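Asker: Here is how the chains run, residue by residue.
There are 4 protein chains.
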Amino acid sequence: MDFDFDPTTLELRERLTTFMETHVYPAERIFEEQLDSSPDSWNPPPIIEDLKEEARRQGLWNLFLPGESGAGLTNLQYAPLCEILGRSPHIAPLATNCAAPDTGNMEVLHMFGTPEQKKEWLDPLLDGSIRSAFAMTEPAVASSDATNVETSIVRDADHYVINGRKWYISGAMDPNARLLIVMGKSDPDADRHRQQSMIIVPRETPGVDIRRGMKVFGYDHRDHGGHAEIVFTDARVPAENMISREGDGFAIAQARLGPGRIHHCMRLIGIAERSLELMVTRASGREAFGKPLADQGVVRDWIAESRVRIEQIRLLTLKAAWLMDTVGNKGAHTEIQAIKIAAPATVEWILDKAVQIHGAGGVSQDFPVAAWFAQVRTLRLADGPDEVHKNALARNEIRKVRSHAGA
Amino acid sequence: MDFDFDPTTLELRERLTTFMETHVYPAERIFEEQLDSSPDSWNPPPIIEDLKEEARRQGLWNLFLPGESGAGLTNLQYAPLCEILGRSPHIAPLATNCAAPDTGNMEVLHMFGTPEQKKEWLDPLLDGSIRSAFAMTEPAVASSDATNVETSIVRDADHYVINGRKWYISGAMDPNARLLIVMGKSDPDADRHRQQSMIIVPRETPGVDIRRGMKVFGYDHRDHGGHAEIVFTDARVPAENMISREGDGFAIAQARLGPGRIHHCMRLIGIAERSLELMVTRASGREAFGKPLADQGVVRDWIAESRVRIEQIRLLTLKAAWLMDTVGNKGAHTEIQAIKIAAPATVEWILDKAVQIHGAGGVSQDFPVAAWFAQVRTLRLADGPDEVHKNALARNEIRKVRSHAGA
Amino acid sequence: MDFDFDPTTLELRERLTTFMETHVYPAERIFEEQLDSSPDSWNPPPIIEDLKEEARRQGLWNLFLPGESGAGLTNLQYAPLCEILGRSPHIAPLATNCAAPDTGNMEVLHMFGTPEQKKEWLDPLLDGSIRSAFAMTEPAVASSDATNVETSIVRDADHYVINGRKWYISGAMDPNARLLIVMGKSDPDADRHRQQSMIIVPRETPGVDIRRGMKVFGYDHRDHGGHAEIVFTDARVPAENMISREGDGFAIAQARLGPGRIHHCMRLIGIAERSLELMVTRASGREAFGKPLADQGVVRDWIAESRVRIEQIRLLTLKAAWLMDTVGNKGAHTEIQAIKIAAPATVEWILDKAVQIHGAGGVSQDFPVAAWFAQVRTLRLADGPDEVHKNALARNEIRKVRSHAGA
Amino acid sequence: MDFDFDPTTLELRERLTTFMETHVYPAERIFEEQLDSSPDSWNPPPIIEDLKEEARRQGLWNLFLPGESGAGLTNLQYAPLCEILGRSPHIAPLATNCAAPDTGNMEVLHMFGTPEQKKEWLDPLLDGSIRSAFAMTEPAVASSDATNVETSIVRDADHYVINGRKWYISGAMDPNARLLIVMGKSDPDADRHRQQSMIIVPRETPGVDIRRGMKVFGYDHRDHGGHAEIVFTDARVPAENMISREGDGFAIAQARLGPGRIHHCMRLIGIAERSLELMVTRASGREAFGKPLADQGVVRDWIAESRVRIEQIRLLTLKAAWLMDTVGNKGAHTEIQAIKIAAPATVEWILDKAVQIHGAGGVSQDFPVAAWFAQVRTLRLADGPDEVHKNALARNEIRKVRSHAGA
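Protein chains in written order, with the working numbering: chain R, 13 to 419; chain Y, 13 to 419; chain U, 13 to 419; chain S, 13 to 419.
Honestly, the hints are just simulated from the structure, not real lab data. One should not assume that every hint holds.
Identical chains share a label here; the pair holds if one copy fits it or two copies do between them.
[As the list claims (entries may be wrong)] Derived DSS-like pairs: lysine-lysine, alpha-carbon spacing no greater than 27 Å straight-line:
1. Lys412 with Lys197
2. Lys412 with Lys130
3. Lys303 with Lys197
4. Lys412 with Lys303
5. Lys342 with Lys131
6. Lys130 with Lys303
7. Lys64 with Lys342
8. Lys303 with Lys131
9. Lys131 with Lys412
10. Lys197 with Lys64
11. Lys64 with Lys412
12. Lys64 with Lys303
13. Lys130 with Lys197
14. Lys197 with Lys342
Only a predicted model underlies this, so the values are computations on that prediction, with no experimental measurement involved.
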């Protein structure tokens with residue numbers, strides 16, 4: 013057992029930290045100003061393109077992607093880098109082409125795409141010249157169970173025809189999100205986990221109606237493509253847009269999930285670290301009743317608890333990443349579930365305190381903590397509410413004890 | 013001891029409930045549509061004027077105001093009505109002319125205004141033809157201590173000249189908010205609680221720059237006048253705009269505070285009751301893993317806890333109201349502090365569960381729970397963060413025990 | 013609505029407070045010394061008899077019992093007195109003949125006893141010359157559901173024969189507990205709520221084996237009769253010992269329950285008030301890192317939260333008492349459930365803080381807070397764990413919303 | 013970074029697990045019976061000696077001690093073994109000569125003892141033939157700050173004379189605890205951290221009055237030597253009993269502390285794992301309202317949360333152990349503080365749920381969970397209350413941010 017990062021990770025952490033300090037943090041104010049100055053645009057602020065160029069130049073690009081197409085890092089190596097990106101969560105992931113949902117989509121295309129699909133869609137995604145969306149969640153059913161999707165994908169000669177309603181399709185409001193990877197039911201009569209397929213639907217396809225941006229506590233998130241409600245009405249795409257084979261949808265979703273959750277959690281830890289810094293900075297600079305907030309007992313309690321909790325979720329996330337690398341996503345199942353449960357709740361708690369310490373400023377647009385709170389809050393719901401994951405984790409735990417007792 | 017409402021209250025509760033069911037709830041969808049259709053307006057949606065007319069016609073008007081100018085109710089009588097208004101918090105208070113900050117401002121003018129001030133400002137406020145704002149909070153200092161205000165109010169012959177910066181001035185973005193009651197320092201050398209004054213500043217006064225709407229978790233709250241940042245630069249108003257006398261500002265603020273907090277808390281309880289209903293309705297109608305959410309243990313736990321907690325904060329708020337009526341705001345001090353501490357935290361907890369049960373819909377614009385969460389969250393900060401009130405309450409508690417021990 | 017106590021209550025509160033200050037608090041040390049000096053005795057320390065004499069003399073006796081046999085108070089009148097008794101929970105209830113389980117047993121005999129039963133058992137109980145126990149909980153089944161009891165009560169000519177195992181039968185280790193009221197199954201084939209009976213079993217009955225004292229976190233509670241495990245093996249009692257009629261057991265249990273829970277909760281509030289005083293006193297007298305604990309932010313937070321929470325559970329308990337008086341136990345069902353859920357958890361929280369502030373002393377025998385913690389902890393289990401009550405309360409809440417929606 | 017145990021650890025874990033299953037768990041019932049049958053004895057039950065012999069024979073002995081005198085393991089190697097011992101916390105540590113406070117005392121003598129001291133005291137301790145106590149905590153001062161001790165150690169020719177009062181001196185009630193290591197003040201005028209000394213006081217020394225066993229929530233813990241109150245009145249020991257030199261007391265205490273806390277935390281994790289098993293087992297075997305507790309949502313929530321939290325504190329503890337091995341106790345300071353804060357609170361939470369699931373049995377002597385709860389609860393106080401550690405940790409955190417900002 014060894015808690016040191018390997019040399020590759022150490023070197024990349026240093027370079028990435030420099031990039032953050034030299035380019036990303038200074039860009040934050042500009043990013044906000046550009047956003048404010050074009051209130052009706054769903055494109056990311058133009059400064060993002062400058063940062064992408066710089067990141068690409070420095071080789072801080074596609075860090076998330078294993079293999080030759082990407083930076084070739086393991087999950088354990090990427091995790092601490094992803095944390096650093098999370099410190100400026102609206103900018104750094106975009107700037108380094110490491111932003112969801114593109115990361116997951118690139119992984120899917122990388123693992124399951126045909127050479128033609130890769131050429132048409134993966135290459136420009138890797139290149140950062142287009143974006144993408146992943147259309148799974150539906151308003152009418154509990155999204156926690158992928159087998160619930162009701163959108164239909166029906167073969168019609170050499171095409172597939174798609175009908176259904178999706179919402180909270182992140183990134184899809186960005187006009188540059190050229191493709192949607194749509195999860196739907198292709199065979200309602202197949203086995204429960206073989207009914208679903210995933211298919212590539214180009215944005216311009218007739219019958220694809222991107223209706224409106226869903227909000228998150230009042231935020232439209234147009235800085236990273238928003239969250240679209242999309243209605244598919246007889247949307248027709250060539251049969252070769254199918255990813256892998258009919259019926260593989262559930263398996264692909266599972267494969268996409270593990271790394272996705274790890275990334276979310278690592279970014280959360282970055283948010284938490286930055287929030288703790290903001291908390292301490294504000295508490296140090298603000299007086300109330302004759303002494304700095306940072307000298308007041310309750311504030312110190314929050315600061316200490318934040319540190320104690322951050323250390324715990326970071327280690328748990330790193331261990332999950334290590335398990336994914338060593339025994340695979342399946343072997344890491346419990347740990348992945350555990351961080352999915354622990355990290356959002358923990359970081360939400362920290363952000364609540366960060367808001368409180370900032371006073372009215374804490375809920376405002378002048379500090380990032382309210383926006384981060386809202387974002388983190390959604391992760392207790394996204395990809396299944398906590399309660400579903402706890403129930404599943406408990407079932408396993410019970411099974412383990414019983415089988416041991418029976419042995 | 014008797015927990016029954018008196019006949020006046022019972023009768024008004026019934027009439028108000030009918031008004032809610034007949035006019036307010038059905039107006040909610042229209043209200044949202046009108047809001048959406050005029051995205052750049054800071055005026056409340058036009059349906060509000062229809063509702064005001066109806067409420068005035070039914071005598072459900074100015075219920076908050078004791079004495080002949082208003083409905084003449086005690087705090088204890090108004091409290092349960094205010095709770096009912098809180099069930100549709102963005103509409104019902106406006107519709108019945110019982111919305112903050114106008115209520116507090118009307119109370120101030122009613123208690124401390126000159127006949128001229130009353131004629132010019134109170135009458136149209138009572139009438140519902142104009143609105144108002146209360147400018148106290150400043151970005152640069154801890155707003156929890158009213159003696160901290162830095163805005164200056166300086167006598168210059170028969171005028172006062174105002175300089176300073178305020179923010180989160182609720183309602184002030186509404187162009188119909190014709191007057192601002194501004195709290196500032198008129199004599200920095202006076203005793204600590206005699207340095208402040210309150211003065212009426214008409215919106216149009218040169219030197220009043222209403223800069224921007226502050227946000228609350230992404231919401232601009234333009235449906236009820238937003239929260240303005242206002243800069244006063246040599247804003248000059250006639251000396252007769254002073255409310256009461258120079259140096260009375262702190263005392264007026266205190267007088268305004270007690271009822272204001274009670275109203276906030278009662279509205280919160282209305283929000284909580286409605287949220288619990290939404291929670292139960294959603295849980296009853298939504299299945300996951302083969303049974304309705306409402307049959308799942310964790311959800312039931314939340315529902316039960318919500319009920320148990322609501323009952324407690326309601327009783328505490330009613331008792332505080334009763335104390336204000338019987339022994340005055342000062343005698344009710346501890347209880348007012350206690351509900352200020354307990355109610356927002358409790359209702360926030362309930363709303364968190366309501367969000368969770370609604371899934372992605374819970375954070376969206378399609379259900380009110382995320383917006384209510386954000387609103388309630390601010391009340392852990394507004395008018396002093398919880399921690400300040402807890403500290404003060406504890407100090408009292410310690411003093412009580414010590415003096416008893418010393419006796 | 014009126015939060016004032018009536019004159020009878022006010023007068024009794026004053027007299028009872030004087031009795032506490034003059035007799036009970038000074039007796040606490042003696043009580044402990046007497047306990048320590050007879051480590052193997054299950055009798056209460058002798059000072060209790062002195063206190064009983066004094067209480068009887070002052071008319072502070074059987075305050076819990078409505079009607080002519082007792083003090084004739086309503087639940088609402090008794091509640092604040094019971095709170096005062098709770099301030100010295102191991103002494104004051106015994107001293108005033110207001111201790112569980114005797115109170116509930118006297119109520120049962122008072123309501124359902126035959127003249128002979130009253131003469132033989134109720135009179136000496138009212139008199140304070142004997143004690144009693146209530147044998148319901150069984151180790152083998154979930155005690156939260158009274159219909160689960162497995163102990164059998166079988167008619168055999170003019171006797172009943174009892175077989176079964178009970179545990180946590182409070183008070184039964186005291187040799188002066190002359191009678192046990194035993195709940196058992198008399199007719200397993202009857203309707204679910206008509207299978208149970210309650211019967212009086214004199215302590216000396218052959219076949220009654222009082223096996224051992226069950227502990228509560230290491231405490232044997234021999235100061236108030238412990239908690240016995242009792243095995244009944246063909247214990248035979250005359251048929252006239254049946255309380256009311258065969259099959260009435262469940263109904264009697266329900267009738268006994270409401271007041272019992274109120275009493276527990278009021279006592280808890282007394283414990284909480286006293287604990288808060290101890291907390292403040294200790295925090296005022298103890299320095300750490302250069303200033304009194306009472307000046308430290310986290311400690312103040314605990315003190316304030318304690319006050320805020322106590323006020324809430326007190327009001328809820330009083331309202332439940334008022335409802336019992338005005339609309340009956342059934343009408344007060346939700347409120348009784350609510351305090352059963354809220355009060356133990358709240359007071360446990362307060363006691364945890366009281367322990368913490370006392371340092372090592374907090375877990376020791378030198379301060380009462382650890383013992384109170386243990387006692388309060390059991391009330392989250394006794395008479396059904398919280399979770400059962402929450403589940404039932406939620407079911408009601410769901411039914412209410414649905415029926416309203418359907419109306 | 014690598015989360016695998018090394019081969020030595022893996023092999024020892026296997027052997028230790030076998031020892032637990034073959035000898036320790038089966039001994040638990042006998043241990044309890046022997047305890048019950050000698051209610052006045054402060055000696056551990058005789059079965060402990062049998063187990064010690066077996067453990068010694070198997071080489072599962074002094075695992076905690078680095079270097080040649082012990083098993084020679086690093087902290088990181090010992091941690092997971094210590095966790096296993098914690099699964100039977102009243103037996104396994106004693107059985108393997110790895111019980112506090114002997115472990116810490118052996119470390120002190122090992123590091124700082126003279127050859128004579130080692131021969132007289134360390135050898136029989138290593139051998140398991142005697143036990144020891146560590147006398148630091150005093151009733152009169154906050155024990156969280158070692159510089160507070162008031163007990164005096166005064167040189168008188170070739171002796172030292174000790175006066176003072178200590179309490180909660182764990183293990184000292186065991187007559188076989190032949191020596192006390194006493195912390196006291198030898199020079200009140202020296203620098204703050206040079207005033208203290210540690211000295212060996214043989215149990216038989218005249219003037220050593222072992223007064224009484226302090227309790228922990230009603231438990232006397234006589235199975236592992238209780239917690240003594242000890243009064244020293246002119247207790248006189250030879251000057252060569254001084255450990256290291258006069259004034260080294262504080263430094264020795266610090267050196268003793270790091271490993272001690274790690275051991276406590278690892279044992280806690282063992283307790284938590286066993287409690288979770290007990291919880292699951294009970295929940296699987298007990299029905300309520302028609303289905304096993306293990307199928308009820310709230311119970312599952314507890315089980316899942318328990319697992320998620322255990323994983324986090326384990327990783328944090330292992331990391332702290334690794335830091336101690338690699339950068340020393342000082343470098344591991346924050347992490348040691350963090351587990352000291354996190355582990356007791358977490359495991360207390362788990363035990364609360366374990367108690368609840370066991371119903372009345374949960375607070376009884378028939379299941380271990382109440383006793384463990386009490387024991388764990390003390391660790392939020394022992395060696396400084398949580399609040400002190402949080403305050404210190406926060407101060408560091410604030411310093412870090414400030415120095416970074418200033419850089």
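Asker: Now tell me if each hint is right for this structure.
Answerer: Okay, the hints, checked on the actual structure:
{"no.": "1", "hint": "Lys412 with Lys197", "verdict": "neither (34 Å within a copy, 38 Å between copies)"}
{"no.": "2", "hint": "Lys412 with Lys130", "verdict": "neither (42 Å within a copy, 47 Å between copies)"}
{"no.": "3", "hint": "Lys303 with Lys197", "verdict": "between (62 Å within a copy, 22 Å between copies)"}
{"no.": "4", "hint": "Lys412 with Lys303", "verdict": "between (53 Å within a copy, 20 Å between copies)"}
{"no.": "5", "hint": "Lys342 with Lys131", "verdict": "neither (30 Å within a copy, 55 Å between copies)"}
{"no.": "6", "hint": "Lys130 with Lys303", "verdict": "neither (60 Å within a copy, 42 Å between copies)"}
{"no.": "7", "hint": "Lys64 with Lys342", "verdict": "neither (34 Å within a copy, 42 Å between copies)"}
{"no.": "8", "hint": "Lys303 with Lys131", "verdict": "neither (62 Å within a copy, 45 Å between copies)"}
{"no.": "9", "hint": "Lys131 with Lys412", "verdict": "neither (46 Å within a copy, 48 Å between copies)"}
{"no.": "10", "hint": "Lys197 with Lys64", "verdict": "neither (37 Å within a copy, 50 Å between copies)"}
{"no.": "11", "hint": "Lys64 with Lys412", "verdict": "neither (47 Å within a copy, 31 Å between copies)"}
{"no.": "12", "hint": "Lys64 with Lys303", "verdict": "neither (44 Å within a copy, 48 Å between copies)"}
{"no.": "13", "hint": "Lys130 with Lys197", "verdict": "within (24 Å within a copy, 68 Å between copies)"}
{"no.": "14", "hint": "Lys197 with Lys342", "verdict": "within (24 Å within a copy, 52 Å between copies)"}
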